[in-house]
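Trainee: Below, each chain spelled out in residue letters.
There are 6 protein chains.
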Amino acid sequence: MLSVSIRSTLPRYSRLWLPAQALVRNMSSSDGPTSPYTTLAISRPVESLTHVELHRPEKRNAMNKAFWSEMVDCFNEIADDQDCRVVVMSGAGRMFTAGLDLMDMANDILQPKGDDVARISWNLRKTITKYQETFSVIEKCPKPVVVAVHGACIGGGVDLITACDIRLCTQDAWFQVKEVDIGLAADVGTLQRLPKVIGSRSLVNELALTARKMFADEAKSSGLVSRVFADKEAMMAGALEMAGQIACRSPVAVQGTKKNLLYSRDHSVAEGLNYMATWNMSMLQTEDVMKSAQAAMEKKSPKAVVFSKL
Amino acid sequence: MLSVSIRSTLPRYSRLWLPAQALVRNMSSSDGPTSPYTTLAISRPVESLTHVELHRPEKRNAMNKAFWSEMVDCFNEIADDQDCRVVVMSGAGRMFTAGLDLMDMANDILQPKGDDVARISWNLRKTITKYQETFSVIEKCPKPVVVAVHGACIGGGVDLITACDIRLCTQDAWFQVKEVDIGLAADVGTLQRLPKVIGSRSLVNELALTARKMFADEAKSSGLVSRVFADKEAMMAGALEMAGQIACRSPVAVQGTKKNLLYSRDHSVAEGLNYMATWNMSMLQTEDVMKSAQAAMEKKSPKAVVFSKL
Amino acid sequence: MLSVSIRSTLPRYSRLWLPAQALVRNMSSSDGPTSPYTTLAISRPVESLTHVELHRPEKRNAMNKAFWSEMVDCFNEIADDQDCRVVVMSGAGRMFTAGLDLMDMANDILQPKGDDVARISWNLRKTITKYQETFSVIEKCPKPVVVAVHGACIGGGVDLITACDIRLCTQDAWFQVKEVDIGLAADVGTLQRLPKVIGSRSLVNELALTARKMFADEAKSSGLVSRVFADKEAMMAGALEMAGQIACRSPVAVQGTKKNLLYSRDHSVAEGLNYMATWNMSMLQTEDVMKSAQAAMEKKSPKAVVFSKL
Amino acid sequence: MLSVSIRSTLPRYSRLWLPAQALVRNMSSSDGPTSPYTTLAISRPVESLTHVELHRPEKRNAMNKAFWSEMVDCFNEIADDQDCRVVVMSGAGRMFTAGLDLMDMANDILQPKGDDVARISWNLRKTITKYQETFSVIEKCPKPVVVAVHGACIGGGVDLITACDIRLCTQDAWFQVKEVDIGLAADVGTLQRLPKVIGSRSLVNELALTARKMFADEAKSSGLVSRVFADKEAMMAGALEMAGQIACRSPVAVQGTKKNLLYSRDHSVAEGLNYMATWNMSMLQTEDVMKSAQAAMEKKSPKAVVFSKL
Amino acid sequence: MLSVSIRSTLPRYSRLWLPAQALVRNMSSSDGPTSPYTTLAISRPVESLTHVELHRPEKRNAMNKAFWSEMVDCFNEIADDQDCRVVVMSGAGRMFTAGLDLMDMANDILQPKGDDVARISWNLRKTITKYQETFSVIEKCPKPVVVAVHGACIGGGVDLITACDIRLCTQDAWFQVKEVDIGLAADVGTLQRLPKVIGSRSLVNELALTARKMFADEAKSSGLVSRVFADKEAMMAGALEMAGQIACRSPVAVQGTKKNLLYSRDHSVAEGLNYMATWNMSMLQTEDVMKSAQAAMEKKSPKAVVFSKL
Amino acid sequence: MLSVSIRSTLPRYSRLWLPAQALVRNMSSSDGPTSPYTTLAISRPVESLTHVELHRPEKRNAMNKAFWSEMVDCFNEIADDQDCRVVVMSGAGRMFTAGLDLMDMANDILQPKGDDVARISWNLRKTITKYQETFSVIEKCPKPVVVAVHGACIGGGVDLITACDIRLCTQDAWFQVKEVDIGLAADVGTLQRLPKVIGSRSLVNELALTARKMFADEAKSSGLVSRVFADKEAMMAGALEMAGQIACRSPVAVQGTKKNLLYSRDHSVAEGLNYMATWNMSMLQTEDVMKSAQAAMEKKSPKAVVFSKL
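Protein chains in written order, with the UniProt record's numbering: chain A, 1 to 310; chain B, 1 to 310; chain C, 1 to 310; chain D, 1 to 310; chain E, 1 to 310; chain F, 1 to 310.
Take these hints with a grain of salt, some might be off.
Pairs count within a copy or across copies, as identical chains cannot be separated in the list.
[What the hints assert, rightly or not] Distance condition first, Cα-Cα at most 30 angstroms in a straight line; then the derived DSSO-like pairs of lysine-lysine:
| id | residue 1 | residue 2 |
| --- | --- | --- |
| 1 | 113 | 196 |
| 2 | 213 | 291 |
| 3 | 126 | 220 |
| 4 | 113 | 213 |
| 5 | 59 | 259 |
| 6 | 220 | 309 |
| 7 | 196 | 300 |
| 8 | 130 | 291 |
| 9 | 113 | 299 |
| 10 | 113 | 303 |
| 11 | 291 | 220 |
| 12 | 59 | 300 |
| 13 | 299 | 140 |
| 14 | 309 | 59 |
| 15 | 259 | 126 |
| 16 | 196 | 299 |
| 17 | 113 | 126 |
| 18 | 130 | 259 |
| 19 | 59 | 291 |
| 20 | 65 | 291 |
Worth flagging that the hints you see were computed from the coordinates, not collected in a lab.
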């Protein structure tokens, strides 16, 4: 994997960060999926940052059987990798993803097994739960995930990106909640997460019930993405820059922030505050606070501080 | 009712959909409320679509006593009507609705009965609960409801539209949470639903506490409506077109989507996913998935597929 | 305090309201903090309205130890003050607030006491809970709070304003969730409330994880603030005008609205409706409804009605 | 109906209460179901008390199709009947109930309609929801329901009694959660309510998973019933006596107590207290408090006080 | 106060514990309420244990106005008192408590102030909320509270004891949920807590709806109390012994246990486990674990270990 | 493993069930742990039933490091094993379990790793969460688990059994919530589950705060166990008999019952009913209902019916 040699010759992260554009070229996916994955290419373009790329460009990054389990393995690994502090996801080739690979998945969905309706249902429920887990691992992973979308993001793609923390896209990107078009209610996350990531319920309902496309401008004005870039290269540079801002800060602060933002989404404000206080009663005892406070008083950038791994 | 004869002469729904503008003229409300209702006019301009029109134009569609119970009857009927797959609501005459008909409702609210404060309270609670149900039936009805607002939408009108699934309006529309002006906290849905349909809590609070008007542009930018049209005719055509997009898709997919979007609103993501998996363990066994998947592979439009009634 | 003499010579509130610009000048903070507070200046520029001003301009209104307890005292007093129906908050001097006064707070946070980790944690939890309460009192106070931000609003400032009901800002305002920069996850409200007051989760995450500044335009488009003004004078006039709209309405209606909006935020729609019905079974028996209804029928302004204190 | 003439000749309730044994004989069900019901016999043995009797003794009070809807009508009527303050339920004939009348219900459950699995599921869900409502009406009815069980209480009978407020039984009574024996998980209330009415989860699980019978002694020691009587006559006298204790007290107090006990079951203590305070802010203004307090100070029995209807 | 001098001459706590009977005599309440309280007598019979005695024996410890606020002050003080690790509550004189002192409280409840029904309601809600707090402070205090009941425990007494952690009683004790007898639904805790402390819902409902007395045996078999003693002296010795068992253990372990037991009561198991893990990630770092583990391995009693204060 | 050869020579399950005492002897654990486990012995004494035995008798079945992960593997396997319909757990040797193996676990708990307090906390939280999962897998496994306790059940043993569905014990059994004795609040399930499996909160608190032993009689009267047996042999026969009652019934009914009982524990009744209806809309379509109903009508035992695997 190219990224390894690059990384080993890199000077310390913080001094290096600026020429992001150059690094983007190192994020090239020309080498294909990374072992042990057949649908994902993993690299580390710079220290502390893991790049996860959907990588079946010839199939428009469609989500086949392998994909659903590789994502789980990949993010479990990232969760445990102390060298990784932030993740950038993107898609190889012409688009982010065409969504479900119907051909490959057909027998799971169209020919479920079981001796009677109840037993088929039982097995289907297991399958759905397993597929839901494919995207929930993104949330369970304590490292923030920045997702960068270019071109089409269809069906399962929307399920995926709504489980990420920060969404960026190119001017030519479009989004489509496609499930009603194949006769089913979206069941791996979109109906649960989309209404909690954008502010217009009327729009959510319209997208989910009519399967119409939403383009970059509406994605921005509705809050689905927080930034739109001219093209993929600019977006990847932007994603890298943003991820760098995250990676250089205290991992105790960053990962605690992600955990508590997610907790708050699903609880009342009072419950969230209670949990937060219980969380921080230990986390505030990190030496990172002292280091950061000192740097702040000395007007140093966070990038000048070295934090222990977490 | 004109709509009946129209409908009986119509060819199959899906082939007919495009000339929506022409159909809009058939949605005319000149014939007045439809028996058995005195405040609502019900029609079926095209197959599978029910048009519910607030129809007391001479009273600016103000909500009188009859309205509060007719809505319940109307939507219970729609819920059970297998021929209906989607609903469009709008108002007859110069505006959507002026809200509560204070004159007609006065003794319910201003002169509640009871021997002492507790007994009056008991009766008032029953009344409020009954009125809340008037709009909750819209949510309980599994068919999606597209509401199209022109002119004023005041007080109870806001309670009504926030219980609908998709909101559209004309350029001249305005919205007003009016209740503080008559000395009460809005109690039939606005305070509960408005914050969950738009993304700015500061705006919600401002509207509810000051009773100021909000015009179409702000309704759009805040996400209350997902589309603004030049005038009522264009809006009704747009509503019809959008409703058509919904009506032609699998009712198993569409109604399951509405049910789960509402469930998700009121639950954590994890709870929502669990419910969704339990829901779809049977719903995925519909033949609609096979039909839709086949159509998708053959590059056919969803409109070309015939789905069983639900 | 100047405001007292002004107030005593004022004619009745409602007739006076219009020349807001003139009144703004009376909201001047030149006199400094008001006894018994050292960090807050309290005044009553017009009847029924309390102005709370962060007032350590020479320290950029940084939040020192005194501030955290004075806020609690101040809002508890306001909650009980029947002469106050609405609150306006703003900052004295060049900016709204620079956030935590690290120097003054250092030993609370950086040198917590305790014999071992558990005991230090126990004490830290008490401290965090106490600080959380500093902003929760704003929500517990039943009178609406309009906050007007100019210049910088950093760290604790964001915690503060997200606990207010309506947010306004000047064109030169900017907002920064600063906590990750000092090595900690924000623990006094931002992570809990910010996602519930604006509509874009991607933006919330970006702000909280990168500590980047957000300027007035994005604050408006994301819904953090509901209005942007050219400069502080215009904003204070606007805040006063808006507060006046609230103060002149029935306090039973206004405070019931605030209470139920907050309840709804943290509950399902069905739970919110149930609570609302139980709330209003007594509140609808206020004479304010009759007074307001009569005024409405006579086409009088709410300002023409005199409501009893609450 | 005999009970009417009895009632009209009765002196005031409170003076009459003691000779309960005599009244029990008037609760005889020999006259059969009461119009308009075919499965229930309704009577009013004494003022303020409604006796609802399962009345298909020749069919061991098995629950047929008519039963499921008659219960709803019956309890909706009771809820609105201001003359009724408390309900006693029991079964006519040799036992309380044999549960589901499989023969009569077979086609609803065994031959549900629908074009495919999803549509059959949709219809089944409607049916289950309707049947759940049959017992939920008991909880929704604000008047307390005392249920008196003799002989067998099987399957649906357990669903029924767990929705009642107070459970009594005879020494020869036995209870059986029968559903697993016919191949299904109990779906009309037992699995939801039984664990919340008795204190041993191990016992609940054992009963529900093995369908074993539980006899009166274990029903008492586990807390399912709060009293065991020697025989049916003694039990009916006891039920009448207990119901009389309830009926003679302030209906504002009694019905508010039932409502809040149910609310508390499903909420945290803090939520329950909040709701309670909101409930009682009006209910404490009843004149019943003054009447009751006065009676208490004068050492009078509650039965000596006349309360307005609710 | 006698207890002070006793305490100063005491040898170390753990060596002293056994002769509890002797100490009980020092818990005598003959000296009356302790300054600054008029309704409570506070003493420290042995190290680490605070004894709170309801002390208006001539008024059967009825709860007057002073009581409701003194309880709050008393338990807030205990919460902050590092020398106290456990609390024993009991009543002076012939009984535990007769409940509400109707005479003293009459104008709060029977003559609430306010210009109209809504304003009276508003004030009543404040009053109820304040009274609820009187017992909630017991739960908020992290030190376990053992309550010992002799004779009558009526009305407010039941509200009080259900907020305590462990309940003991004498053979002659009886309990009565009295509120329906004075025309109101119990609103300061009984309806919320009683169903969560005992296992028979039928019994809870019977007690709350009929106001019948429950005697010691039923209190034990229903689980309201966990031990019954022959008389008050034996009970106080037992309470002291039990409190001693608690006081000699690690306060980090004990108080963390109380906190999490209460959290679990109001949350799902999954939520409770999540909170617990977050709590213990710091608390396990206490040196108390090492000390305790070492003592356990050396077969020493917990009483032989000295733990730092918390 | 002996059980395999036994099983292969067994006639069909249902005909065989009665001579349970004989079978118990086959559950002997003399052969030691079963590969691949070092702490658990797994056998299948009769068809459809898996026996999981804690098997470190020489160490009093203390829970060492291996145990915590073997339990997860074991129950995941059972969950997927279609031949298993019910589980019986018990302990080999003189007692059920002595709880945590402090010696083996010491460095996980007493010497957690990490560069500062926050990082140690982070790692501890992972460890606790992993240990919690060890018992949560019992709940996640859809097959009912009957646990049979003899002798001591200490510390982690209580965490374990409260996660099982049905609890039995011998007359000489005793239970001890031991954690406070080693300086920590129990964090792998007892504080969350114990209060939900027994009916006396006073008793739960007493056990958890004082670490006192509870013997079989109190375990029975408090509802912790639903049956007490004279000795281990009788208990194992009883467990086998009870498990047989479960194993012979429809697995669709049985496992759906377990799932929904657990769901109901953590939700309101209304939520539970909604989930149940959604669950059964497919599960009622099982052929097991028809088979069972037919058998019931023909007065056959459930054991006479052959159900497909699930």
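Trainee: Compare the structure with each hint and give your call.
Mentor: Quick rundown of the hints versus the structure:
In this assembly of identical chains, residue 113 and residue 196 lie within 30 angstroms of each other by CA distance neither inside one copy nor across copies; the values are 34 angstroms within and 37 angstroms between. With identical chains, the CA atoms of residue 213 and residue 291 are at most 30 angstroms apart between copies only, with a shortest distance of 22 angstroms across copies and 47 angstroms within one. For the homomeric pair residue 126 and residue 220, neither the shortest alpha-carbon distance inside one copy (36 angstroms) nor that between copies (37 angstroms) is at most 30 angstroms. In this assembly of identical chains, residue 113 and residue 213 lie within 30 angstroms of each other by CA distance neither inside one copy nor across copies; the values are 34 angstroms within and 36 angstroms between.
Taking the shortest Cα distances, residue 59 and residue 259 never come within 30 angstroms of each other, neither inside one copy (34 angstroms) nor across copies (33 angstroms). In this homomeric assembly, residue 220 and residue 309 never come within 30 angstroms of each other (Cα to Cα): the closest approach is 35 angstroms inside a single copy and 38 angstroms across copies. For the homomeric pair residue 196 and residue 300, neither the shortest alpha-carbon distance inside one copy (36 angstroms) nor that between copies (33 angstroms) is at most 30 angstroms. For a Cα distance limit of 30 angstroms, the shortest separation of residue 130 from residue 291 across copies, 25 angstroms, qualifies, whereas the shortest one inside one copy, 42 angstroms, does not.
Taking identical chains as interchangeable, the C-alpha atoms of residue 113 and residue 299 lie at most 30 angstroms apart only when they sit on different chains, with a minimum of 28 angstroms there against 64 angstroms within one chain. Taking identical chains as interchangeable, the C-alpha atoms of residue 113 and residue 303 lie at most 30 angstroms apart only when they sit on different chains, with a minimum of 26 angstroms there against 54 angstroms within one chain. Proximity of residue 291 and residue 220 under a CA criterion of 30 angstroms is satisfied in neither setting, with 36 angstroms inside one chain copy and 35 angstroms between copies. For the homomeric pair residue 59 and residue 300, the shortest alpha-carbon distance between copies (21 angstroms) is at most 30 angstroms, but the shortest distance inside one copy (47 angstroms) is not.
In the homo-oligomer, the alpha carbons of residue 299 and residue 140 never lie at most 30 angstroms apart, since the shortest distance is 34 angstroms inside one protomer and 38 angstroms across protomers. For a Cα distance limit of 30 angstroms, the shortest separation of residue 309 from residue 59 qualifies neither inside one copy, at 38 angstroms, nor across copies, at 35 angstroms. Proximity of residue 259 and residue 126 under a CA criterion of 30 angstroms is satisfied in both settings, with 27 angstroms inside one chain copy and 13 angstroms between copies. Neither within a single protomer nor between protomers do residue 196 and residue 299 lie at most 30 angstroms apart by alpha-carbon distance, with minima of 37 angstroms and 33 angstroms respectively.
Within a single copy, residue 113 and residue 126 get their C-alpha atoms as close as 12 angstroms, and across copies as close as 26 angstroms, so both meet the 30 angstroms cut-off. For the homomeric pair residue 130 and residue 259, the shortest alpha-carbon distances inside one copy (22 angstroms) and between copies (17 angstroms) are both at most 30 angstroms. Taking CA atoms no more than 30 angstroms apart as the test, residue 59 paired with residue 291 passes between copies only; the shortest distance there is 23 angstroms, against 48 angstroms inside one copy. With identical chains, the CA atoms of residue 65 and residue 291 are at most 30 angstroms apart between copies only, with a shortest distance of 22 angstroms across copies and 46 angstroms within one.
In terms of the numbered hints stated before, the structure departs from hints 1, 3, 4, 5, 6, 7, 11, 13, 14, 16, listed from lowest to highest.
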